[in-house]
Amino acid sequence: MSVENAPVVDVDEAAIPVEKKMYYRFESNDKKEFRVSELAIQQSETLNRLVEAMGYTSEDVENKPAIAIENIDGKTLKLVFQWCEHHKGEAIPVDDGSVPKIVEIPEFDAKLMDIDNGLLFKLIWAADYLNIVQLLNVSCKKVANMAQGKTPAQLRRVYLLPSDEEDEAAKRAAQEAQDPRAREVEEEFEERKRQGGNSFF
Amino acid sequence: MAEYLKNNPIALRHCLLFLYIRNYPVDDAYKQFCKTVGDDVIDEQDVQFWFNRFRQGVFDREEDKELWTDMRDVFRSDKYALRAAVLYQYLQSKHENLVYFWHSQCILVERFGANHLFFIHLGICNVFGEDVMTFPEFQFWFYRFFNGEFDLDFERDTDKKIYELLDMPLVVMKNILKNVNVFDRVALSQTCQPLRQFIQNQKLFLGTLEFKCELMGRLPAIRFTFGKMSSVYSKDGSNRMKNSDTENRDLDVPYWKEAFLDFKEVIRNPKLYLDELILAFRSEEDDEFYGFDVIDQLETALKSAHQLNVKKLIFKKSSTGAILKILPYVKPGYLTTIEIGLLFYKDVMSEEVFGMEQWKQAKYFVTRESDYTYNSCTIGSLRHFFHFKEFSVPFKELTVENVREMKEVLFKSPDFEKCSLSFMRAIDTSTIEREFGSTFAKNTCHYPISNTEYFEIKFFVRKIEVSRKKM
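Chains A and B are the protein sequences, given in the same order. So that you can map any letter, position 114 of the first sequence is 114 in the UniProt record's numbering, and since no number is skipped, the others follow by simple counting. So that you can map any letter, position 98 of the second sequence is 98 in the UniProt record's numbering, and since no number is skipped, the others follow by simple counting.
One or more of the hints may lead you astray.
Here are the simulated lysine-lysine pairs, BS3-like style, with alpha carbons at most 27 angstroms apart [as the list claims (entries may be wrong)]:
1. B:Lys271 with A:Lys75
2. A:Lys101 with B:Lys203
3. A:Lys111 with B:Lys161
4. B:Lys174 with A:Lys88
5. B:Lys174 with A:Lys78
6. B:Lys257 with B:Lys212
7. B:Lys396 with B:Lys407
8. A:Lys111 with B:Lys257
9. A:Lys31 with B:Lys470
10. B:Lys160 with A:Lys32
11. B:Lys160 with A:Lys111
12. B:Lys271 with B:Lys325
13. A:Lys111 with B:Lys174
14. B:Lys160 with A:Lys171
Keep in mind that the hints were calculated from the coordinates and are not lab data. This one's a predicted model, so the numbers in the text were calculated from it and none came from an experiment.
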């Protein structure tokens, strides 16, 4: 975990200096910086478009500030970029809307996703936001696998789902919370009517 | 790890108390602890000392502190104590090589791993009560320990939103659901209203769905099969349910009611698409044995749903009564194939069936030829089959009218490709020869229909086969 606290994280340390390839600097919303190779960025449609539009040279990358990714924190972004580096150069699956294919979770991804649900959902959110198709697929598969063979009551526990009764109770509570105000307005309206005024109109 | 507990005597004591609450005798608790944490952290006398204290309702060293009537309250009232219990559980499962196992067997990781955590959490709930710690909270701490972060005082940033399943965008929810099998979908849609609505609006492509009444040992049972997965509801005294993933589960209602509830839940999705729907049940006479009226129940279930999108409807061992009742609930046009296994002796294929859109718009009709008992059934006039692209049907006998009809109507149908007709009585070849005006060489005759195509007619003792061929 010490790596995470370091100011700059090289996700793919070994490869970068040797091949002298292009890489970019990104910054999470909690100001952690990441260096990510050009090829890895291609896994993310959002980031790929962004860097294409920016047209940075190697000097620009060093001299200009890191590209800020406002709504993802460092812990999540680290996982995202680790995944991208591992899977760089791989073909991006295309969803042609036909019968869904069976998704397999490779060992690397399984280890990467040995995380609690809170972080897993953040990772999914990030994969969706950055449009990383295959990362989204495997992470969604992991969430789906948690449902395997469970009863409705167990599923509510795993995914923190409200039961219908709780849902109803919450709605009722919300309504009750609103009611007094509604009543006040009504009373005021009645009062004014009684006074013969039509100041409401 | 041992170091951490040595330096944190309270956490250590919480671990011991956790063992005490789970009714470990002192010597077992000591052995357990040494195996899990290490040999040099505590000695057996200390364990004995603290267990005696716990028995008196004392957790602290100071005597003047309040006594606990229920030692479990130590955990219920102190989140750090509970975290220590999770830590101990983590160490225990690590010791049992399970953590290592997750890493070495990647395919089993999510499946086994996720369920393993779930059961550990269940164990903690069983000891302290349901609401002592939510599963996500437990999971959060477990994974912290897993990643080597043992700091029990860590506080999650409460300002930051903790994402849950229902917070996910629609496109993500769809992606997740794509990976959820039918049985789990049924369970998920029973959790809460938002998920139920969502699941019922998602397209679901299923290969084969089979509904089968069968015997489990000598007891009646219902089996659903979706592809490789199946779920069995049987009446072995306690109405048990079992599917490939879950343990046997006792049901509170009769086995067949539970089966139909689940069946309804699956078919009520208007966007369900099935390649094959197989219905396999015995005759109405078996109803008493199964304890319910199979066809009536199926009809009730189907009634509650939209017309089903089924490509191929297969009746195994069925009656025309069943066909008549079930066919209307399948979407005409989408249904291309009707397959009937075995019709009962003297069963009559009703005119009502032939009048249905489902019948008229289907392209293929198949009956099994292996058993001749059904041949005595009256399957109606050959005319009712002329709209099919392909069909195979049993008849009593081949009459001159049949042959004429075939020649004049069937052979003029642009859709017709091939058929196979079998008969109870041997075929009189001279009738056919007269009608087609040619003799059969090697039991085969060619009947030209255009410059490029002809029908090849093969005949056997009790069977004729016709197929469209190119010149």
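Here is what the structure says about each hint:
1. B:Lys271 with A:Lys75: Violated. B:Lys271 to A:Lys75 sits at ~39 angstroms, over the 27 angstroms cutoff.
2. A:Lys101 with B:Lys203: Since the Cα atoms of A:Lys101 and B:Lys203 sit roughly 14 angstroms apart, the hinted pair holds (cutoff 27 angstroms).
3. A:Lys111 with B:Lys161: With Cα atoms ~25 angstroms apart, A:Lys111 and B:Lys161 stay inside 27 angstroms; holds.
4. B:Lys174 with A:Lys88: Since the Cα atoms of B:Lys174 and A:Lys88 sit roughly 26 angstroms apart, the hinted pair holds (cutoff 27 angstroms).
5. B:Lys174 with A:Lys78: Roughly 25 angstroms between the alpha carbons, so the hint for B:Lys174 and A:Lys78 holds.
6. B:Lys257 with B:Lys212: Holds. B:Lys257 to B:Lys212 sits at ~14 angstroms (cutoff 27 angstroms).
7. B:Lys396 with B:Lys407: Given that 27 angstroms is the threshold and the Cα spacing comes to 19 angstroms, the pair holds.
8. A:Lys111 with B:Lys257: Roughly 42 angstroms between the alpha carbons, so the hint for A:Lys111 and B:Lys257 is violated.
9. A:Lys31 with B:Lys470: violated, 73 angstroms
10. B:Lys160 with A:Lys32: holds, 17 angstroms
11. B:Lys160 with A:Lys111: holds, 25 angstroms
12. B:Lys271 with B:Lys325: holds, 22 angstroms
13. A:Lys111 with B:Lys174: holds, 24 angstroms
14. B:Lys160 with A:Lys171: The hint holds at about 24 angstroms.
Of the numbered hints given earlier, the model fails hints 1, 8 and 9; all others are met.
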